[in-house]
Each structure stands twice: as structure tokens, then as C-alpha cells.
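A.B. asks: Residue numbers (our numbering), protein chains in the order written: chain A, 1 to 216; chain B, 217 to 651; chain C, 652 to 1454.
Simulated from the structure, these hints should not be mistaken for laboratory data.
Careful, some of the hints might be misleading.
[What the hints assert, rightly or not] Taking lysine to any residue pairs in the SDA-like style, the calculated list, with each CA pair at most 20 Å apart, reads: (1) B:608 / C:707; (2) B:444 / B:220; (3) B:406 / C:667; (4) B:608 / C:737.
Source: prediction; values computed, not measured.
Listed here are the chains, written in short residue letters.
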Amino acid sequence: MSEQQDLFTAVANMWKGFRVTFRQMRKPRVTTQYPKEFREKPQRFHGRHVLNRYDDGMEKCIGCELCAGVCPAKCIYVRGADNPIDDPVSPGERYGYVYEINMLRCIFCALCVEACPTEAITMTHLFEMSTTNRQDAIYTKDELLVQPDGTPNHMFDEDHLADFGELAAADGWMRATSPQGRADFSGVPGWTPSAGVGLRPAEQGQSGTEPEGEDA
Amino acid sequence: MIVEALTRRMNAHPTDSHTMERYLETGGYEAARGAITKTRDELVETVKESGVIGRGGAGFPAGLKWSFLAPARPAYLVVNGDESEPGTFKDRQLLERDPHAMVEGIIIAAVANEVHHAFVYIRGEYPKPARRVQQAVADAYAKGFLGKGIFGGDYDLDVTVHLGAGAYICGEETALLNSLEGRRGEPRLKPPYFPAAKGLYMAPTIVNNVETISNLPYIFGEGVDWYKGLGHEVDTGTFLMSISGHVNKPGNYEVVHGITWRELIYGVAGGIRDGKELKAWVPGGASAPWFVPEEHLDLPITKDETGKQGSMLGSGAVIVMDEDTDMVAAAERLVRFFAEESCGQCTPCREGTTWLDLILQRVLHGGGREQDIDLLMDVSDNISVGLGWPPKQTTICPLGPSAVSATLSLVKHFRHEVEEHIGRGTPVTISGVSS
Amino acid sequence: MVTITIDGTEVQVPAGELLIKAAEDSGTYIPRFCWHRRMNPVGMCRMCLVEVEGPRGIMLTPSCTMPVNDGMVVHTKSPTVEKAQEGVLEFLLLNHPLDCPVCDKGGECPLQDQTLSHGPGESRMVEEKRHYEKPIPISDLVLLDRERCILCARCVRFSEEISGDPLIEFMDRGNAAEVNTFPDEPFASYFSGNTVQICPVGALTASAYRFRARPWDLREVASVNPLTTTGDGVTVQASQNEVLRFLGVDNDATNHGWLDDRSRFGFEWIASPDRLATPLAKSGDGHTEVSWGEALGAAAENLSAVIEAHGPGAVAAIGGARGTNEDAYALASFMRSSVGSPNLDARLDDGLGTHLLSSLAGKGEIGDLETARTVLVWAADLKEEHPVLYLRVRRAAQELGATLITVHPTATGLADRATHTVTYRPGEGHDLLDRLRAGSGDLADVRAALDEGPVVAIVGRTGLAEDPALAEAVTAFARDLPQASVLPVVRRANTYGAIDMGVAPDLLPGRVAAGGDAGHTGWEKADTSVGLDTRGILEAAADGRVKALLLVGADPLRDVPDADLAARALDAVDVVISIDCFLTDSTAKADIVLPALGFTEKEGTVTNLEGRVMKVNRIVSGPGQARADWSIIDDLAARMGRPLGFESAEAISLAIAEHAPAYGGITWFLLDWKERDGVVAPRDGVEQPLQYIPTTSLRAVGSGGAKRGGFALHLGRLLYDDAVLTRQGASIADLAPGAYAVLNPTDADRIGANGHVEVDGHRLPLRRDASLAEGTVAVPFNQPDGPPLGGSSHVDVAPGAGA
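Excised from the complex, chain A in its bound form (with noise of 0.2 Å):
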């Protein structure tokens, strides 16, 4: 084996190594330079909840802990109790009066999402949830229930690093479990919409036809 060959062979194997490499060097940036920029997130991406008002400014939350027997890490407490009659905090008999969830339990899978009847609870964009204390990661009412005019609370309102163009998406993923369960109903909901957010088209890959079946 001679010289030349051995040289060939590690300029052939370095090459191989480096191909990779080399490879992506031609290829776009895919990270950003968080906090100073934000990733666009996948339409249905799970952060942290918000309970969502009526366009009337009525919380749509009733209590029913529905919420809290599904969820599988057992992190949100729920207390209903009955609605003051001149002065009612939801429509109907039962209001949430108590509404905790601890962060640092949740796994977020959005049961209780799934679960909610009344689409109080809804999953926003939000993730940034750090905190120095565990009585912190507790969400109460208080962070959890969205302005009147529908946005959402955030942990840090001070903070420039929040994103608060994201939050109007926050009941982004609430269409696809809307009680008609079809993407023909966006635009017709069976609920109220949530303040501040309004109707949105179909998402994208969602058909617009005509449901088919006898009854609808």
C-alpha cells in the first residue's frame, strides 16, 4: 500500500466525515434567537390555558369540575357555587367559584379541554410559565380568566420577553372540538364566541363541503 493511497483514503474518509457537515452548512438557519425572536407555533400547539368569557364579559366557566375528573394528573381544583341572581358571574345556575391549576402538575394533553361543555378552558400559545416558588405554578382565577375584551392574562405583563401577538389565538383549538365536532361548522358555532377572538375561517386541511348524513 503505498503513500498516495494512504492519503487518498483519509482525504476520502475526512470527506465522508465531513459531509454532513458541509451539507447543512448550505442549508437555512432553523433556530432563532430566542428571547429576541419568536417561533411562529403550530396552530394547535398545547400552552397554557385560559378560561374564556362570553362576548358579554360572563365567564363561561360554570364549575361543573368536569375538567377536573378528567384530567389525568389530577392538577386542576374546581368549586362551583351558586350564581349571585342580580349580579351573575356565568349564564345559568352554577358558576366556578374556585378554579386552580397547578402548572407544575399539568402535562398538558388538553383532556380538559375535550372535557369542558361549555369551552371555558382552552389551551393559548403561551408557554412561558418559569416561576420561583412553587405556590407560583399554581394558576388561580385570577392569571387563568381572560380579560373582558378577551385577552388573555400573563404571568409577567411587564416582561418584554412576552409575546403578546400570540394571544389572540387563544382558543386557536377550540374549533376542532366545537359540539358539532366538523370543521363545516366554523363560522357557526354552537356557543358564543369568546371575546376578543371572534370567528375564524376553517384551518388549514379542514374541508368546507357540506356535511354528509341525513340530519345535521
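With chain A's structure known, arrange chains B and C on it following the hints.
C.D. replies: Here is chains B and C on its own, set in the frame of chain A:
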């Protein structure tokens, strides 16, 4: 075709047939006077022999019913005058024009069944007939035909006249008994509460229709042979038929069974109004399935033949509908009657009849959908399981199954009319989504 | 027994039983809404339709109205049946609001469950549903939502057939039919809570439980109703360490599933903010919180000092009926062994003789009412004092056709079902008994009825001013009736257990007479002489002979009829140590207050009026540092240098099974795993040590003084009174009607009373009742702001000032 037996007296003396004087003058209370000397067995046997069938609707032989009376005493006799089925108005005639015939019948029936207290339950909307009956009972007491030791003998008999409060269901015998006792007019469970065993105040009770009871003086007065000779060999005696609707001469007619529907409608009732075509008729009260001319016009009117054709003669109410009738509207009106008159006990009747009515109303007002005909049929099937005739009764009383007759007849004979209604209107709107 | 075929399987069932019940008992559940096994069938919901093969072919038949016949062939799962069930459910749901998420029944709702298992997937109804005003309160405790009602008539039938106060009925008809109360007549039944439990939907809900929890976050444990002596089976449900609901359990031997409202809604005292959570020591006029060490040390020191200075007899204990048998056994051991004093009593001068209660326990059973031909009730008004027993007696008279005789100063709650209602003037009971025994005059019929056995006699004190000896005499009479079983009744919850455990001056644990020669194993070193009963203790205390008083869940100032005596006693003694859940009037006078656990916070056994031993269980932890009675007593004994050595409640229960003769062999294991409905002590093969001898150990009320007034006093209890556990339950606290005086109209007119009367100087609203014997005034005992009248059997009545 028209005969005069029960109606003889009221036809001959239109102004005072209801008075005691006229009744006595025309041979009244002689049958009762004779009957009280006989034994229970003899009397029951005579009624059985006469073949008189109950005129309340079910057509059960009266003599057989009497023989089923449990031996416990006291026993009671209740005369069912709660005539409230749409199209039925025959008992009214008897109560108003010939109340003494019923009182005399009561005496005979009471003696036959060892009853010392009889009740007459009259429909609440019949104030005039009730006044006449009350007067007749008072007169009979005054003459000593009722009260202690009737006809001077040692048999005691009291008669109480009671007015209902306007519920159709109280025409059902056990609901009537509940109502008499002061409870809600709701049918009782059968078993165990068969009136003949556990009726009024849990005592054995005979419940008979006014017309059945009014037949008795004639059976005992003129004799069984005369009675059986009046008409049909099976459906003995004469029948009062109430003919209403689009005929030239609506009214009560006393006829014998065996004549055809054509004879009844075109002969007795004088044909269809304004020369129109006959479209359909209800042969025996609102709960009977409808007849249509193509199939049924030349059939004889008998209990058996009507039953074979999937309907019934019931209480003898014939409602005639001409070619201009909107059959969906007709069916809706009948169903609405039953929905309003359901007592509310059984779920299928309470909820089902109202739902049927809501669907028919929707169809009628242009909100019908393709699937509504199937829906009507399936809801009817859930109320009257199997949709057979006679209905398989799965509710406490027959009111629920009765209510589907009109719907079934509508879909069976006039499906095209329903479809027309459905095609005509705009589809129903659900939660803001058009389907 | 007959053989029927259900879905192809042959089963043996009792002849004549309803098909639905026979099927369920043999393992086939037929869905239903209206049928309930304790009520007559109505066949209204039509959910239980099954196919029965008969002579006219296969017929669809409601199984709740169909009795079984031999050879019957039944199909419960055929396509026709399934279609019918789907149809009925669709009908029921047509007008049922789907507000399950906010409905208290949601999650435990038969309509939900059966819709899931038998119902259609969706409704075909597009029309508007029926609407009514959402929940309307029909009583202080019950809310009615007519939209949810499926008209099954369970509540209507319950109030008509079971509780006998038909205040809820159907109105209107057809689709407009609704259940409702009558105008201006609330559903003020003592048993209204049962309708909430048996309602198959959320139409009737309890205001106490409204929106408190959902079924899936409740934990539950089987236990026994702590507020009555009938031993009603209950399920205690709790969430987040708070008791939220009591449900009746169908215990065939006792309550048939029913509870009275005080028991059902009276649990709220458990979570009352007034519960004692730390030991208290007296300082000045009030108390200061101290540690357990300080409190127990001081208590032990005080007691030891009294024993040293005045002898053990100067220490006495009152109470113990509110705890478990284990607590009572510890108390009895403590008093008789550690202290060496026989002065202890679980009765608060309102009971019957201990020998009467203990010797008859286990002899007659509540279940005897099912076969009784004649029932004699010569006791307090059962409806007020023993509500569940009242229901059983009512059932015997109404459904089973027994002849019912009530003897009471006034017509009782059973009057409408009683064949004979005998009233008499308090104090003349012995004369009446003599006349009844002789069957003289108008009592001949009653006497004749009593000769028809089997007879069940329910005997007790008709009122607190009644001579206790009367009950003994009635018992002696009743025991000689044909096939008689006698049930002596007292009201205070676990009085029977406490007395059986020896918390009585004349009994040792296990129904052994004190003062006898018979050695009691394990009790050789104890003082087994006969001591003072509650009245004796209070009198001795007032006289200065008793120096130290141990109150165990007792409030003599309110519970003892002679409140004046109790007040003098509490003022005179040197040391008062109280073990209690609340700071009551009496506890407030204590030197040391030790916080105790209540029911649902501890395990143990209790004994009901028939001598049935039942297990109570723990589901929540107590407030703060509260401890079980036995553990407090054990610690106290140890600190006094006379340890008892009890390690756990279960260890005490084993000691009871060993050392209490009548309770031989009754262990927690037995009650937890084998006899869930309880065991009547003594068990088979175990002999009852105490034999019944008619004696009178209790003295008559007012026997010390002269008859003060011209009117005989009837001092009866009402279901809702001012007792601490009632007062502390938010839902029932306001239901006590307050004090009033009842006079016969003749008497009222004679003295010219109108509106108000003065009873011994206490102004009370006047009520008239013609059934009350003349010369008698009836005043309910221990009502809010009620007068202290218990010291005398006779009172003065004068017209009240003003209208």
C-alpha cells in the same frame, strides 16, 4: 235502516220525553218492577242471552262482565256518562231526553249485581243532561223507585249523580273510579285493579256505559226475543251512531248493525255536503283508524268486520271528511286532542303524543323535513309497539296507543299529502345551521 | 319458590314476587326509574319493559307490575326490548334539560347511566323543550327543578306511602303534568331529604349539598347515623377532608334506606368553625389555649388532688353517649379502675333504667314489626324522637295491616294510622295501665287488640316530666302479652352502647350488674359497687359531696331536665374537666376543656336500641389537635399514675370482646367483613348476663319537691331543638320552632288564655290541641329561648299578658 227502539219515546214526545209522567205513561219502570223479583243468576243469564254488548267502545258483552263480578260485598255500580271522545254525542241524547230509561236500567243492573249504591258519572261539560238526570233521580226517589225499599219491597238502592271536571281520561273506567274517589283521574294498574275485583273503594264494581244501561229496560220490558230480533244476529239490538263532519244530515241515528257504510253515509246521513267526494271517515271515535271509500265503503257495519279491517266501531262516532279536507291538519287536530288529554302517567303517552303533535304542527306550518314521515312512524311505534291492531298495550291504559291511529292512517292512506306539505315549505332551522 | 327463565337461564325466585325484583335478586338488572323496592309499583316510566312469553304470544310487559308465575319465560335483552328502552329514554329526554354539568345529580344520575347503557345516541327532537322556572325552594332543605323531573312519582309515593305527609303531588296533566307542592304549603316533612336521594334525576336537590361537589371527587365510607338510636345505615361522603353528604343505606334490619332530615343534613356541625381544636384552660372569665401536655397535666393533677383530699367517690363522670363503645369502655375503665369511683352515667336524667335498657337489648328487634299483628307505642312521639322507627311502625300499620295503639299525653305523629289513640294526663299513667290491664270501660277494644300476637311494644318515657317508673311498669305488662317483643327507647344517640360498656352507676361492661358477687374478668381491681346516677351526681355536687366532675360530650345545663340543679352543681364543684367538640354552656364553665374528635373522624362501634352493634368509620381528620375520647382518657389515666394501657381503638374493641360478656366475640373484623348490617349482642351461643327484673332505679321528676302547680306538665322533645349538634348545623339550625305551650281548648278557654300563656311565669305563645288531655300543658323541651321547666312535674299556667 233507521229503527226506533231506544229513541222511540223521545221521537214520539220530543218535548217531555224526559219527565216522569211521560215515562210512566209509556210503560216506564215496569221492567224494573219485574226485575226486582228475580234472582241475580236469572237476571245475569237474561242479559247474557240478549247478547247486548257494551256501548262504551270496547264492545265487551255486558252479561259476561256482570258474571265476572267478585263475590265480595259491598259492590258498586258505576254508570259511565263521561262521554268526551271527539265526535261522540250519543249518551248526551239519552241523558237529556230519556234519563228515566237509564235510571230504570240502573235499578235492574243494581239488583242483578247485588248493588245498593250506584253512581252516575257525567261529563263535566254536560250541565243540561246532568240537570235532567238529577231531576229524574229525584223523581224516582219521590216515587219510591229509589231509596229504602224500592217499589215497596225490601231492596235498598241509592243513586249518586257526579259531574266530572273535564278530563277525557276519566272515561277510562279505572280513571273514572279514581276521580269518583276524589283522586287524580289516572287509570289504575291492571293487574291488580280490575274493577270487577278491586274497583271503587277497592270493592267489586261494575262499570257500564249509559247506552248499555239504557238498553236494559227494553230487554226486560219487551223480552230477549224481541231485542234479538231487532237487528244483526251477533251485534244484537240497535246502536246509536253519532255522525258528524261533512255530511248533509249530521246527527244521532239509531241503526242496526249489518248495513253498509255507503248506506250509512249516503243513505242515513244524506250524503256528502255540497255534492263533494268522500275522502275518508273515522268509523268509531277519534281513536279508531280511518276508513277510505276505495277500500271500505261497501263493507257491512259490524263489530267483527270493522275489527278485521284494522279499526273499530268504538262508541259509534263517525266523522266524515270530504275531498277538501287537509288530512295532515285533521290528523294534527286529533293527535292534539290526545296529547292534551293524556293523564301524564306513562312516559310514551305523555311525551310521545305531544311530540307527534309538535312534528305534525311543524309539517303543517311548512317546517317539514324528508325524514319526518319515518320519524312519525318510529315515534308512533315507540308509543304503540309493533303498530298492530288491536294495539299491543304497553301503557297503563289504551289512550297512548289510541293517539297514534290518526298518524298511522295519515301515513298509510295519505302519505302523498304529507310529502306535499314537506316539499312545500322551507326546511327547519336547527341552531342556525341549515341542513 | 317458582322457576322462571330469564334470558335463557332458569332461576328460582319467590312465588308472587314482582318480576323486576326477582330478576334483580337473581342477577339480571332491568333498567327502571319509577320502581323502588321499598314502595308500591306504579308502572309509570315504562323503562322496565321486558318480553314475557304467554298464551297470547310474546308480550311486551312492564316488569315492575308483573308478578312471577311458575314457568314464566322472560327476555330482557331482545331487540324489541332494546328498541322499547331506547324509545322510552328518547321520550324521557325530549324535555329533559341537558344541564348535567351544573346538575347536582350529574355523575350519579340513573337517567345519565341508563341513557349511556340503553339509550339512543342522539335525540331526533328539534322542537323547543318544555320550560319551567329553574329551581324553586319547596322547603328550607329541598329545591325543585321541574324541567328535570321525569314524573316517576317516587317522591309523591314516598310522602304518601312511607312518611305519611303527602305534601308533594302531581299537578295538571299530560305534557303539562308537573310535580309540585300545594300553594302556601312548603314540603315541610321531617323526611324530605329521602326524596332527594331517591329522585332518579336532579329534580329534587338538597340545598345543603347544592354545588358543593361532584360525585367523582367524593370519597365515601359506610357508617351509622350518629344522631339517632335506631342504627340507621349511612354512607358518609366527603371531599377535600370535609363531610359533604349523608346518604341512607338500605339496611334491612334498621332503616330500609331512609333517614330523617336532622340526621341527613345535621352533619354540618362536623365542619363547624366553632369546633374546639386546641385544649383550653380556664383563665379568669374565659379560656386560654394550652398544649395537650399542660392541659392533661393540669387535669391529672386536679383529679389526683381531689381523690387524695376527698376520696375517689368525690370524682364523677357524666356523658359518654356521644362517643363510640370504645370511648365508653375507656371511660368506664378510667372511672372504675383508675379513679376508683362508681359515679358515672351516660344518661342525662332523661332516660330509662339501665337494667331495663340493657337486659332487654338483644331480645326484641326492629324487624319484629314486619310480622307484628299488634303494635303498642307507649313512648315519646316517635316522629319527633325516633323518626326512622316511626317509619317502620307506620309501615307496619299502613302497609302490613298491624293494629296500632299509641298511648301518649297527646295524639302523636302516628295518629292518622293508629287504630286506637289513647291519651292521658301525665302522672296518671299508672292508673291508665291498671285500667288497660283490666280492659275496663272504653279500653276493652285496646285490651282485646293486645291479646292478638305477635305484639311489638315500644316503651319509653312519654315526656321528660314523666315518671320513669311508668315505663318499667309498662314493660312488665307488655312482656306478658302474647309473643311480645319489647323495645325500650331513649333518644340520645349511643346511650345503649355507653350503658352496655358500663358508663352507668349500676352496670359493668357487657351488661353485668354492678354490686353483685360475680367476678368480672379483668375488672378485679376496679370499684364494682353501685354508684350515683346523673341526678344523684348533680345533687351530690350541689351538696359538696362530689368535688370533681368529668363531662364527656355532655351539656347538663341544657340536656338535664332540671337545669337549675345542673347550674347549682356546676357552680359548686371544685374541678370541671370537659371532653367535648364544642364550647357549650356547661363546657364554658370547665377548668380544662379537651377537644374531642366527633363521628366520621374516628373508628369504632355503636349499639342501637335493639342491641345491634354496628361499625362506624372515619373519613375526615378532626379539627386541629382534637383527639379521640379514648386516647384522651388513656393519657389522663397514665398521667395520674394509673395507666389503662389502651393502644388503639381496635385494641379496646378486642378488650370489649373479651371482657364484656354480652359482647363476646363481636370484633371489628366481624363487623367489617362478615356482618355489614351489624350484629345483635349477645351473639348466638353467648349468654346475656343480665336478666330483666322490673325495678325502678330512677326517681320521678319533681319527687323532691311538692306539686307546684295545677297543670300536669308534658315536656316532650321535638326533632329540631337547641341541642348543640343541631344548633351547629347550618341547614337545620333554624328549623327549631321555638318554645310554645299547648293547652286543651277547654282549659285555654277556662283560664281565659288567648295568644299567650304564662307557664310558671314564662311567657309562651299558646297553641290549642284538642287531643291533649285536660289539665295538661305541653311544652317542647330545649327549644331556643325556651323556659327551664324540667324540675317539676306540675306547673302553674296563667293567661299571658297582652294578646
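A.B. asks: What's the verdict on residue 608 of chain B and residue 707 of chain C, does the C-alpha distance respect the 20 Å limit or exceed it?
C.D. replies: holds, 11 Å
A.B. asks: Verify the proposed pairing of residue 608 of chain B with residue 737 of chain C, using a straight-line Cα cut of 20 Å.
C.D. replies: holds, 18 Å
A.B. asks: With the threshold set at 20 Å, check whether the alpha-carbon distance from residue 406 of chain B to residue 667 of chain C stays at or below it.
C.D. replies: OK: residue 406 of chain B and residue 667 of chain C at ~16 Å, within 20 Å.
A.B. asks: Next pair to validate is residue 444 of chain B with residue 220 of chain B; report whether the Cα-Cα distance is within 20 Å.
C.D. replies: holds, 14 Å
Hint violations for this structure: none, all hints satisfied.
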